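Those protein sequences? They're chains A and B, same order as listed. Here numbering that gives the first Met the number 0 is used: the first residue of the first sequence is 0, the next is one more, and so on. Here numbering that gives the first Met the number 0 is used: the first residue of the second sequence is 0, the next is one more, and so on.
Derived from the structure by calculation, the hints contain no laboratory data. Please read these numbers as outputs of a predicted model, since none were measured by experiment. Glycine included, each C-beta is placed from N, C-alpha and C at the ideal position. It is possible that some hints are incorrect.
[What the hints assert, rightly or not] Just a sample of chain B residues kept apart from chain A, beta carbon distances all over 12 Å, derived: (1) K5; (2) R18; (3) P125; (4) D157; (5) L168; (6) V173.
[Unchecked claim] Stretch-level coverage of chain A by chain B, calculated; a stretch enters the list once three of its residues show a Cβ under 8 Å from a Cβ in chain B: (7) 24-38; (8) 202-211; (9) 239-245; (10) 346-357; (11) 448-462.
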Amino acid sequence: MAVAEIDPHTLDIDPAVTDIDPVEGRPRLVAGAPGFHGVTEAVARPVEWKPPRGWYVVLAISLAALGIFGVAIAWLFWEGVGIWGNNIPVGWGFPIVNFVFWVGIGHAGTLISAVLFLLRQRWRTSINRAAEAMTIFAVMCALVFPGIHVGRPWLAYWMLPLPNQMAMWPQFRSPLMWDVFAVSIYGTVSLLFWYLGLIPDLATLRDRAKTRIRRLAYGLFAIGWRGSHRQWMHYEKAYLLLAGLATPLVLSVHSVVSFDFATSQIPGWHTTIFPPYFVAGAIFSGVAMVVTLMVVCRVAFRLTHLITLLHFDRMAKLMLLTGTLVGYAYATEFFIAWYSGNPFERFAFINRALGPYAWSYWIMVTCNVVVPQLFWFKKLRTYIPVLFVASILINVGMWFERFVIVVTSLHRDFLPSAWGLYAPTTWDILTLIGSFGLFFTMFCLFVRFLPMVAISEVKGVLPEARVHE
Amino acid sequence: MSGERKLWGLLAEFTSPARLAEACRGVRDAGYSRWDAHTPFPVHGLEAAMGLRRSPVGWFVLGLGLAGAAGGMLLQWWTATTAYPLVISGKPLFSWPAFVPVMFECGVLGGAAGAVLGFLLLARLPQPFHPLFSSERFERFSDDRFFISIEAADPRFDRAATAELLDRLGAQHVEAVETGGAAAAAA
Numbered sequence: 000m001a002v003a004e005i006d007p008h009t010l011d012i013d014p015a016v017t018d019i020d021p022v023e024g025r026p027r028l029v030a031g032a033p034g035f036h037g038v039t040e041a042v043a044r045p046v047e048w049k050p051p052r053g054w055y056v057v058l059a060i061s062l063a064a065l066g067i068f069g070v071a072i073a074w075l076f077w078e079g080v081g082i083w084g085n086n087i088p089v090g091w092g093f094p095i096v097n098f099v100f101w102v103g104i105g106h107a108g109t110l111i112s113a114v115l116f117l118l119r120q121r122w123r124t125s126i127n128r129a130a131e132a133m134t135i136f137a138v139m140c141a142l143v144f145p146g147i148h149v150g151r152p153w154l155a156y157w158m159l160p161l162p163n164q165m166a167m168w169p170q171f172r173s174p175l176m177w178d179v180f181a182v183s184i185y186g187t188v189s190l191l192f193w194y195l196g197l198i199p200d201l202a203t204l205r206d207r208a209k210t211r212i213r214r215l216a217y218g219l220f221a222i223g224w225r226g227s228h229r230q231w232m233h234y235e236k237a238y239l240l241l242a243g244l245a246t247p248l249v250l251s252v253h254s255v256v257s258f259d260f261a262t263s264q265i266p267g268w269h270t271t272i273f274p275p276y277f278v279a280g281a282i283f284s285g286v287a288m289v290v291t292l293m294v295v296c297r298v299a300f301r302l303t304h305l306i307t308l309l310h311f312d313r314m315a316k317l318m319l320l321t322g323t324l325v326g327y328a329y330a331t332e333f334f335i336a337w338y339s340g341n342p343f344e345r346f347a348f349i350n351r352a353l354g355p356y357a358w359s360y361w362i363m364v365t366c367n368v369v370v371p372q373l374f375w376f377k378k379l380r381t382y383i384p385v386l387f388v389a390s391i392l393i394n395v396g397m398w399f400e401r402f403v404i405v406v407t408s409l410h411r412d413f414l415p416s417a418w419g420l421y422a423p424t425t426w427d428i429l430t431l432i433g434s435f436g437l438f439f440t441m442f443c444l445f446v447r448f449l450p451m452v453a454i455s456e457v458k459g460v461l462p463e464a465r466v467h468e
Numbered sequence: 000m001s002g003e004r005k006l007w008g009l010l011a012e013f014t015s016p017a018r019l020a021e022a023c024r025g026v027r028d029a030g031y032s033r034w035d036a037h038t039p040f041p042v043h044g045l046e047a048a049m050g051l052r053r054s055p056v057g058w059f060v061l062g063l064g065l066a067g068a069a070g071g072m073l074l075q076w077w078t079a080t081t082a083y084p085l086v087i088s089g090k091p092l093f094s095w096p097a098f099v100p101v102m103f104e105c106g107v108l109g110g111a112a113g114a115v116l117g118f119l120l121l122a123r124l125p126q127p128f129h130p131l132f133s134s135e136r137f138e139r140f141s142d143d144r145f146f147i148s149i150e151a152a153d154p155r156f157d158r159a160a161t162a163e164l165l166d167r168l169g170a171q172h173v174e175a176v177e178t179g180g181a182a183a184a185a186a
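Sequences are here, hints too, so could you generate the full structure?
This is the structure:
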């Protein structure tokens, strides 16, 4: 790896430093006492130095997958939705599964940034930037699917309340319409939140820039930030209020996504548990994605002292909590199916666990309920190989959760004469792979050109940043 | 650069947030009004040390948030009753409970826009050029140094006396920041 040439002094780590924060008396959030300058150096290095060879490999693979996405979408527009496996009775296939999967992943960024900020969980500072970026890219992937899912993107404006030649207006009593507003506003607010947090760090990169182009590019987006306390005061207030707004927003978005299902009458969808169950699942999958990405980035870009095992320990606890909540929701669904006495509801759930798609149901239960139970043990919460594999399995499980909800509920509803089976086509699978290409391409560019750790926030949690009256 | 060069103010450098806060109290007590502290991260407790009032960003959030929510409800009311009246499952045309989710989302959008716009307006950003950017040392404000700047436009400003005050307050380095006539007017 190309990082071997780095002078270890730039890390400024003193191995003699203890692990206890001298001011707070708790474990240090940043290992090795790098000092203010050390934090700047560590975070600016991936942006200013030649990236490691592995970065080019990952980018090349991601771009290839992005190309597949382009081809799959182009063929869809040319040929129509017939290239997909969607058909009656399963009219909602992979596109909706992928949409809900990506929106769900997009929830951890705001959770880590906003909810943990309001709860004064200061360990979030090392990971919030990357989690917010991940949120934005995941929402981008999600938004592709409603845009293409009818195969006629030139009609996408029908989703918006715009004056048009047909004199038609959207139907605001439909949860699908709420979804348009919830997801697009979530994307916009996440972007604002992310950009506001980036301004001071862009100024850092501007002030360190060695070339004119870098100075201009970072300077343009740093909008003349000069760290004045009169500016910081408004900045911090705006940040706090954005966090306060983003918190109910993030809860509302996946609730609204779940309304798409819950307000219909299909057995297996028509349940009141959906909003909290969807939100817990979304946070679960998003945190897992953050863990997957950070496990790799902290080593590849030498940020192990900023993103420490303490951070993974906390994120693993979050996964344990939300995974167990999701497991509880699965159990409640079965209980209510039995307790309600509704034969259609009962059948829907027995069919889920024992019917033709039982394999997907048990993949879901294994990955989402059994795997996170590993995190009861501190050794495993801080053992990187287990974290990496478990976080990927969790996202496999969460993808299958959406598959189970969409496909098993639709393929056998009320009348046996209307039953059928669903199978994805090659194009369905290529589109799913392609969406990962978009996500990872964006993330590769992000780690190369923007500071992946919030420099100013991490400096603020160093013990020397505290001022005593 | 064209235009005559003028003194914009003094820039004092400090090495730690504690020393900066100490010095801020000194500058505040000396009665200066057109001055500022520049730090790589928000140093907590500096508002009091500088004698600043609370930020009014919240009012922008409240105002635009309510406007967003009202606008969202208005849009749905007008769409459902005037632009495209459609009876859905026997409900009244203005079946407002169904419009609450979109109203809420629009309110959040308005509030978020209020937070960002309020911040930009109150912090007077974007401001691509500022006389402080001509100082080479000032580049480290975003890294690991802490600065106090006092403008020459301050009524109490006196080049020698102010420099001496900053020195006495523990500044590691004090320098004069100059600017061209035109740039000063723009800033």
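For each hint, the structure was consulted:
| no. | hint | result |
| --- | --- | --- |
| 1 | K5 | holds (19 Å) |
| 2 | R18 | violated (9 Å) |
| 3 | P125 | violated (4 Å) |
| 4 | D157 | holds (22 Å) |
| 5 | L168 | holds (15 Å) |
| 6 | V173 | holds (18 Å) |
| 7 | 24-38 | holds (count 3) |
| 8 | 202-211 | holds (count 5) |
| 9 | 239-245 | holds (count 4) |
| 10 | 346-357 | violated (count 0) |
| 11 | 448-462 | holds (count 5) |
Of the hints listed earlier, those the structure fails to meet are numbers 2, 3, 10, in rising order.
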